[in-house]
Amino acid sequence: NAGVTQTPKFQVLKTGQSMTLQCAQDMNHNSMYWYRQDPGMGLRLIYYSASEGTTDKGEVPNGYNVSRLNKREFSLRLESAAPSQTSVYFCASSTRHNYGYTFGSGTRLTVV
Amino acid sequence: AQRVTQPEKLLSVFKGAPVELKCNYSYSGSPELFWYVQYSRQRLQLLLRHISRESIKGFTADLNKGETSFHLKKPFAQEEDSAMYYCALRSGAQKLVFGQGTRLTINP
Numbered sequence: 001n002a003g004v005t006q007t008p009k010f011q012v013l014k015t016g017q018s019m020t021l022q023c024a025q026d027m028n029h030n031s032m033y034w035y036r037q038d039p040g041m042g043l044r045l046i047y048y049s050a051s052e053g054t055t056d057k058g059e060v061p062n063g064y065n066v067s068r069l070n071k072r073e074f075s076l077r078l079e080s081a082a083p084s085q086t087s088v089y090f091c092a093s094s095t096r097h098n099y100g101y102t103f104g105s106g107t108r109l110t111v112v
Numbered sequence: 001a002q003r004v005t006q007p008e009k010l011l012s013v014f015k016g017a018p019v020e021l022k023c024n025y026s027y028s029g030s031p032e033l034f035w036y037v038q039y040s041r042q043r044l045q046l047l048l049r050h051i052s053r054e055s056i057k058g059f060t061a062d063l064n065k066g067e068t069s070f071h072l073k074k075p076f077a078q079e080e081d082s083a084m085y086y087c088a089l090r091s092g093a094q095k096l097v098f099g100q101g102t103r104l105t106i107n108p
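Quick mapping for you: the protein sequence lines, in order, are chains A and B. Reading the first sequence from the start, the letters are residues 1 to 112 in my numbering. Reading the second sequence from the start, the letters are residues 1 to 108 in my numbering.
Derived by calculation from the structure, the hints in this document are not laboratory data. This one's a predicted model, so the numbers in the text were calculated from it and none came from an experiment. Keep in mind that the hints are not guaranteed to be accurate.
Reference listing, derived: stretches of chain A covered by chain B, where coverage requires no fewer than 3 residues with Cβ under 8 angstroms from a Cβ of chain B [said to hold, decoys possible]:
no.	stretch
1	15-21
2	45-58
3	67-73
Facing chain B, a subset of chain A residues (Cβ under 8 angstroms, in silico) [stated by the list, open to error]:
no.	residue
4	Pro8
5	Phe10
6	Tyr64
7	Phe103
Computed beta-carbon distance windows for the label pairs [as the list claims (entries may be wrong)]:
no.	chain 1	residue 1	chain 2	residue 2	range
8	A	Pro61	B	Glu67	29 to 39 angstroms
9	B	Lys73	A	Met41	42 to 52 angstroms
10	A	Ser51	B	Glu80	29 to 39 angstroms
11	B	Gln45	A	Asp56	32 to 42 angstroms
12	A	Gly63	B	Ser12	29 to 39 angstroms
13	A	Thr95	B	Ser26	18 to 28 angstroms
14	B	Gly66	A	Pro39	43 to 53 angstroms
15	B	Met84	A	Arg77	19 to 29 angstroms
A virtual CB, placed ideally from N, CA and C, is assigned to each residue, including glycine.
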């Protein structure tokens with residue numbers, strides 16, 4: 001029972017490089033989310049997808065794009081990485097009627 | 001705007017002592033509040049929801065609408081309670097707004 005799977009777990013990028021963070025869930029959840037976690041800032045919502053085929057901006061969307069590829073997968077793309085995007089990124093999912101989230105294990109991204 | 005405030009970044013108590021992690025919120029509607037916990041090298045997991053009025057691992061949290069608070073309490077702390085704790089508020093479309101987090105350390 002995998003739950004929410006994120007890849008990669010660690011990544012180092014140079015400023016200006018691009019990359020995609022992958023997230024997949026096997027719980028048939030409708031909603032998926034991307035958060036970033038920074039010391040003293042808690043978790044801040046980057047983008048979310050309330051259901052397959054829809055995506056919406058969260059609190060800190062600048063510099064990111066997302067794709068809800070199907071019900072299972074929700075990817076986060078950094079087109080031109082900046083040092084300010086150094087963070088731990090968490091993907092999460094939830095059902096429509098249960099507002100508890102299931103989180104992935106996180107991706108630790110460093111931009112140098 | 002919806003906001004969750006956890007005033008303590010760090011909290012340290014001795015084993016067996018009572019623990020209270022503070023959480024205050026601002027929300028114009030009827031709030032739905034949660035506590036999440038992240039143990040060392042583990043993923044974030046749901047600890048409890050106010051709507052369930054449950055006790056998990058000895059923790060309880062009562063929603064106080066008058067004081068707009070949802071403090072997490074445990075009468076006798078255990079070493080395995082050391083973790084990062086996040087208070088969260090449901091903010092429409094199933095989105096959660098998280099507080100800044102409190103790192104709880106239980107000293108032996």
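| query | Between Met84/B and Arg77/A, is the Cβ distance one that fits in 19 to 29 angstroms? | reply | Given range 19 to 29 angstroms: holds, Cβ gap about 28 angstroms.
| said: Is 43 to 53 angstroms respected by the C-beta to C-beta distance linking Gly66/B and Pro39/A? | reply: violated (32 angstroms)
| If you check the beta carbons of Lys73/B and Met41/A, does the distance land in 42 to 52 angstroms? | Cβ of Lys73/B to Cβ of Met41/A: about 25 angstroms, so the range 42 to 52 angstroms is violated.
| request: Go ahead and decide if the range 18 to 28 angstroms is satisfied by the Cβ distance of Thr95/A to Ser26/B. | output: The hinted range 18 to 28 angstroms holds for Thr95/A and Ser26/B, with Cβ atoms some 27 angstroms apart.
| Can the suggested window of 32 to 42 angstroms be confirmed for the beta-carbon pair Gln45/B and Asp56/A? | violated (25 angstroms)
| query | How about the stretch 15-21 of chain A: do at least three of its residues have a C-beta closer than 8 angstroms to a C-beta of chain B? | reply | violated (count 0)
| request: Could you check if Phe103/A really has its C-beta closer than 8 angstroms to a C-beta on chain B? | output: Holds - the Cβ of Phe103/A comes within 8 angstroms of chain B, reaching about 4 angstroms at its closest.
| message | Take the shortest C-beta to C-beta distance between Phe10/A and chain B; is it under 8 angstroms? | response | violated (13 angstroms)
| Quick one: are Ser51/A and Glu80/B within 29 to 39 angstroms, going by C-beta? | Holds - the Cβ-Cβ distance for Ser51/A and Glu80/B, about 38 angstroms, lies within 29 to 39 angstroms.
| Verdict for Gly63/A, Ser12/B (Cβ pair) under range 29 to 39 angstroms | holds (36 angstroms)
| query | At a Cβ distance under 8 angstroms, does chain B reach at least three residues of the stretch 45-58 of chain A? | reply | With 5 residues close enough to chain B, the hint holds.
| task | Just tell me: holds or violated, for the beta carbon distance of Pro61/A and Glu67/B against 29 to 39 angstroms? | result | The hinted range 29 to 39 angstroms holds for Pro61/A and Glu67/B, with Cβ atoms some 33 angstroms apart.
The structure fails to meet hints 1, 3, 4, 5, 6, 9, 11 and 14 from the earlier list, while all remaining hints are met.
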